[in-house]
Amino acid sequence: MILIADSGTTKTDWRAIEACGCITSISTEGINPVFQTPEKLDEILSKVLIPKLEGGEVTKIFFYSAGVAASNEATEALMKSFAKNFYNCDFFVETDKLGSARALCGHNAGIACIMGTGSNSCFYDGEKITDNNVGGGFILGDEGGGASLGKRLLSDFIRGLLPEEVAEALRTRYNLDYITIVDNVYKRPMPNRWLASFSPLIEEFIGLDHIRDMVDSQFDSFIKRNLYRYDTSKYAMNAVGSVAYFFKENLERAAKKNGVQVGEILKNPIDKLVQYHAEDL
Numbered sequence: 002m003i004l005i006a007d008s009g010t011t012k013t014d015w016r017a018i019e020a021c022g023c024i025t026s027i028s029t030e031g032i033n034p035v036f037q038t039p040e041k042l043d044e045i046l047s048k049v050l051i052p053k054l055e056g057g058e059v060t061k062i063f064f065y066s067a068g069v070a071a072s073n074e075a076t077e078a079l080m081k082s083f084a085k086n087f088y089n090c091d092f093f094v095e096t097d098k099l100g101s102a103r104a105l106c107g108h109n110a111g112i113a114c115i116m117g118t119g120s121n122s123c124f125y126d127g128e129k130i131t132d133n134n135v136g137g138g139f140i141l142g143d144e145g146g147g148a149s150l151g152k153r154l155l156s157d158f159i160r161g162l163l164p165e166e167v168a169e170a171l172r173t174r175y176n177l178d179y180i181t182i183v184d185n186v187y188k189r190p191m192p193n194r195w196l197a198s199f200s201p202l203i204e205e206f207i208g209l210d211h212i213r214d215m216v217d218s219q220f221d222s223f224i225k226r227n228l229y230r231y232d233t234s235k236y237a238m239n240a241v242g243s244v245a246y247f248f249k250e251n252l253e254r255a256a257k258k259n260g261v262q263v264g265e266i267l268k269n270p271i272d273k274l275v276q277y278h279a280e281d282l
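The sequence shown begins at 2 in the numbering used here and counts up by one.
These aren't lab readings, by the way, just hints derived from the structure by calculation. Each residue gets a CB set at the ideal place from its N, CA and C atoms; glycine is no exception.
Ranges between beta-carbon positions, derived for each pair: (1) Ser47 <-> Glu205: 35 to 41 Å; (2) Glu166 <-> Thr60: 52 to 58 Å; (3) Pro164 <-> Glu77: 44 to 50 Å.
Straight-line alpha carbon distances no greater than 25 Å define the calculated BS3-like cross-link-like pairs of lysine-lysine that follow: (4) Lys12 <-> Lys188; (5) Lys81 <-> Lys61; (6) Lys12 <-> Lys85; (7) Lys273 <-> Lys129; (8) Lys12 <-> Lys81; (9) Lys249 <-> Lys268; (10) Lys188 <-> Lys41; (11) Lys225 <-> Lys249.
Hey, can you work out the whole structure from these sequences and the hints?
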């Protein structure tokens with residue numbers, strides 16, 4: 002059996018593929034070794050993932066994660082956790098950028114973008130990433146990602162700039178006030194995940210001018226700050242992630258404004274990664 006994983010900040014999608022070709026879908030919380038302790042990594046693998054494998058022997062793991070490129074220490078912690086929980090198994094830990102590029106482009110060259118909780122981009126030559134943009138995270142970057150959209154939404158909320166119906170939804174559905182927002186952003190763990198959790202509300206009110214313009218502005222910023230370094234006259238922009246998928250119309254509008262063609266848009270890359278790694282069975 003081989004395991005393929007696409008891990009973001011919010012959740013990890015796993016596919017267990019047996020020699021017969023049978024595929025089992027498994028979901029766990031997000032695994033990001035930058036934000037999580039070794040003990041937390043072990044807990045997710047040993048108590049959540051492994052029991053769902055029902056005793057199947059894993060020979061290879063292809064793990065794509067948002068956190069592995071941030072520091073060697075984070076990657077080493079993840080590798081140690083795999084070695085502790087899986088025996089006689091080969092591990093291939095790669096960046097989420099490479100996973101997205103393989104899913105979006107296969108063995109062809111192209112521009113691959115990630116637009117989920119966070120955002121990022123790279124140029125892929127069909128085998129490897131040859132150029133990429135430094136994401137910066139939800140404080141220094143992530144334009145067009147869910148966390149950045151949530152940050153803008155709540156910034157407008159505390160300043161009284163939102164349409165009243167949106168502000169009322171935040172007050173009543175989420176019990177939000179200034180103190181609660183500050184507590185979640187500055188004192189609690191995984192603030193980027195919390196900020197991104199408001200994406201469904203943004204989608205609900207996308208018909209309002211203020212919200213539509215807010216999203217369009219984020220995507221315009223993403224394109225200008227991410228794609229300038231690639232040859233967009235030759236290559237289309239491909240994107241993976243829930244934000245790109247659910248706000249596709251807004252993304253296409255921003256791309257057209259900036260003279261960029263939009264190619265493949267995927268909600269998540271995992272099923273295309275299964276196709277990519279079929280040869281590893």
